[in-house]
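Participant: Spelled out from the first residue to the last, the chains are:
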Amino acid sequence: SQQGEEDPQALSIQEGENATMNCSYKTSINNLQWYRQNSGRGLVHLILIRSNEREKHSGRLRVTLDTSKKSSSLLITASRAADTASYFCATASWDNFNKFYFGSGTKLNVKP
Amino acid sequence: DTEVTQTPKHLVMGMTNKKSLKCEQHMGHRAMYWYKQKAKKPPELMFVYSYEKLSINESVPSRFSPECPNSSLLNLHLHALQPEDSALYLCASSQDSSDTQYFGPGTRLTVL
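Here the protein sequences come in this chain order: A and B.
Heads up: the first sequence runs through residues 1 to 112, numbered per the numbering used here.
Heads up: the second sequence runs through residues 113 to 224, numbered per the numbering used here.
Since the hints were derived computationally from the structure, they do not count as laboratory data.
Where is the CB? At the ideal position from N, CA and C, for every residue including glycine.
Incorrect hints may appear among the rest.
Capping the alpha-carbon separation at 30 Å, the derived lysine-lysine pairs in DSBU-like fashion look like this [as the list claims (entries may be wrong)]:
id, chain 1, residue 1, chain 2, residue 2
1, B, Lys153, B, Lys165
2, B, Lys131, A, Lys56
3, A, Lys26, A, Lys111
4, A, Lys70, B, Lys134
5, A, Lys107, B, Lys130
6, B, Lys130, B, Lys150
7, A, Lys26, B, Lys153
8, B, Lys121, A, Lys56
9, A, Lys99, B, Lys165
10, B, Lys153, A, Lys70
11, A, Lys99, B, Lys153
12, A, Lys70, B, Lys148
13, B, Lys150, A, Lys107
14, A, Lys56, A, Lys69
15, B, Lys152, B, Lys130
16, A, Lys69, B, Lys121
17, A, Lys111, B, Lys134
18, B, Lys153, A, Lys56
19, B, Lys165, A, Lys56
20, A, Lys26, B, Lys131
21, B, Lys134, B, Lys152
22, A, Lys111, B, Lys130
23, A, Lys111, B, Lys165
24, A, Lys26, A, Lys69
25, A, Lys69, B, Lys152
26, B, Lys165, A, Lys107
27, B, Lys150, A, Lys99
28, B, Lys152, A, Lys70
29, A, Lys69, B, Lys153
30, B, Lys152, A, Lys26
31, B, Lys150, A, Lys26
32, A, Lys26, B, Lys148
33, A, Lys99, A, Lys69
34, B, Lys130, A, Lys99
35, B, Lys134, A, Lys107
36, A, Lys99, B, Lys152
37, B, Lys121, A, Lys107
Distance ranges between label pairs, derived from CB positions [as the list claims (entries may be wrong)]:
id, chain 1, residue 1, chain 2, residue 2, range
38, B, Glu115, A, Ala78, 24 to 34 Å
39, B, Arg142, A, Lys26, 33 to 43 Å
40, B, Thr222, A, Glu5, 47 to 57 Å
Using the sequences plus the hints, can you model the full thing?
Facilitator: Listed below in structure tokens is the structure:
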């Protein structure tokens, strides 16, 4: 992708386990956002973290941002079968007119 | 109301047809977007409208023609498309260009 990559590309875990996805990007950013997409449907916004923040929580979600390494991680704790989806990070930068660039995505499968 | 609606949900068209995709939001957002998403790929930005004016065109072929009739509506006019244009077309809106983007469910387009 234009901005970066996510890993792993695919992740399969059992219900109740934690899932960690990583996102790397290439340029300086204003903020980084995580989205979820169920198969063939629209994207649902999960969380936004600004460039001056290091960690944010929202329910079972924890996002970290390391601007020195140009990377972010999304942790989903106590996963459920309903968390099965593709997860994308998206970055926005003032240098690039705040255009959104999406990472390549992680396909998460949570087995019941 | 945090919903972005898109019509139609599915569209099948021939290469000589003219059709339009519609997107609507009633959140008072001033920025609206069109994205194209191919299977197993992240969304790719096509157009950005800010305050009803086209602000970004990501070098999209002229067979795709966007239109923003008012602050709540965004259209994408399609003409003489190619089979490779088959994809999920996503509309999004945000309060301003640096804010969280809210996505519609998408239109699944098939070009025969």
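Participant: Against each hint, give a clear statement of whether it holds in the structure.
Facilitator: Here is what the structure says about each hint:
1. B:Lys153 with B:Lys165: OK: Lys153 (chain B) and Lys165 (chain B) at ~28 Å, within 30 Å.
2. B:Lys131 with A:Lys56: violated (43 Å)
3. A:Lys26 with A:Lys111: Measuring from Cα to Cα gives roughly 33 Å; hence the hint is violated.
4. A:Lys70 with B:Lys134: Not satisfied, since the Cα-Cα distance of roughly 36 Å exceeds 30 Å.
5. A:Lys107 with B:Lys130: With Cα atoms ~35 Å apart, Lys107 (chain A) and Lys130 (chain B) exceed 30 Å; violated.
6. B:Lys130 with B:Lys150: At roughly 21 Å apart (the allowed maximum being 30 Å), Lys150 (chain B) and Lys130 (chain B) satisfy the hint.
7. A:Lys26 with B:Lys153: holds (19 Å)
8. B:Lys121 with A:Lys56: violated (34 Å)
9. A:Lys99 with B:Lys165: The hint holds at about 15 Å.
10. B:Lys153 with A:Lys70: Cα-Cα ~22 Å, so holds.
11. A:Lys99 with B:Lys153: Given pair Lys99 (chain A), Lys153 (chain B) holds - Cα atoms ~18 Å apart, limit 30 Å.
12. A:Lys70 with B:Lys148: holds (26 Å)
13. B:Lys150 with A:Lys107: holds (15 Å)
14. A:Lys56 with A:Lys69: holds (17 Å)
15. B:Lys152 with B:Lys130: Between Lys152 (chain B) and Lys130 (chain B) the Cα gap is close to 27 Å, so the pair holds against 30 Å.
16. A:Lys69 with B:Lys121: violated (40 Å)
17. A:Lys111 with B:Lys134: violated (37 Å)
18. B:Lys153 with A:Lys56: holds (27 Å)
19. B:Lys165 with A:Lys56: Roughly 34 Å between the alpha carbons, so the hint for Lys165 (chain B) and Lys56 (chain A) is violated.
20. A:Lys26 with B:Lys131: violated (37 Å)
21. B:Lys134 with B:Lys152: Since the Cα atoms of Lys134 (chain B) and Lys152 (chain B) sit roughly 24 Å apart, the hinted pair holds (cutoff 30 Å).
22. A:Lys111 with B:Lys130: violated (44 Å)
23. A:Lys111 with B:Lys165: Violated, because 46 Å separates the two Cα atoms, which is more than 30 Å.
24. A:Lys26 with A:Lys69: Within the cut-off at roughly 10 Å; holds.
25. A:Lys69 with B:Lys152: Satisfied, since the Cα-Cα distance of roughly 27 Å is no more than 30 Å.
26. B:Lys165 with A:Lys107: violated (36 Å)
27. B:Lys150 with A:Lys99: The given pair, whose Cα atoms are some 19 Å apart, holds under the 30 Å limit.
28. B:Lys152 with A:Lys70: Given pair Lys152 (chain B), Lys70 (chain A) holds - Cα atoms ~24 Å apart, limit 30 Å.
29. A:Lys69 with B:Lys153: Holds, at roughly 24 Å.
30. B:Lys152 with A:Lys26: Distance of about 22 Å is within 30 Å: holds.
31. B:Lys150 with A:Lys26: It holds: about 23 Å lies between the C-alpha atoms, which stays within 30 Å.
32. A:Lys26 with B:Lys148: It holds: about 22 Å lies between the C-alpha atoms, which stays within 30 Å.
33. A:Lys99 with A:Lys69: This hinted pair holds, its Cα atoms lying about 21 Å apart.
34. B:Lys130 with A:Lys99: Distance of about 29 Å is within 30 Å: holds.
35. B:Lys134 with A:Lys107: Given pair Lys134 (chain B), Lys107 (chain A) holds - Cα atoms ~29 Å apart, limit 30 Å.
36. A:Lys99 with B:Lys152: holds (21 Å)
37. B:Lys121 with A:Lys107: It holds: about 23 Å lies between the C-alpha atoms, which stays within 30 Å.
38. B:Glu115 with A:Ala78: 24 to 34 Å: Holds: the Cβ-Cβ distance is about 29 Å, inside 24 to 34 Å.
39. B:Arg142 with A:Lys26: 33 to 43 Å: For Lys26 (chain A) against Arg142 (chain B), whose Cβ atoms are near 28 Å apart, the range 33 to 43 Å is violated.
40. B:Thr222 with A:Glu5: 47 to 57 Å: Hint violated: Cβ distance 29 Å, outside 47 to 57 Å.
Hints 2, 3, 4, 5, 8, 16, 17, 19, 20, 22, 23, 26, 39 and 40 from the earlier list are contradicted by this structure; the remaining hints agree with it.
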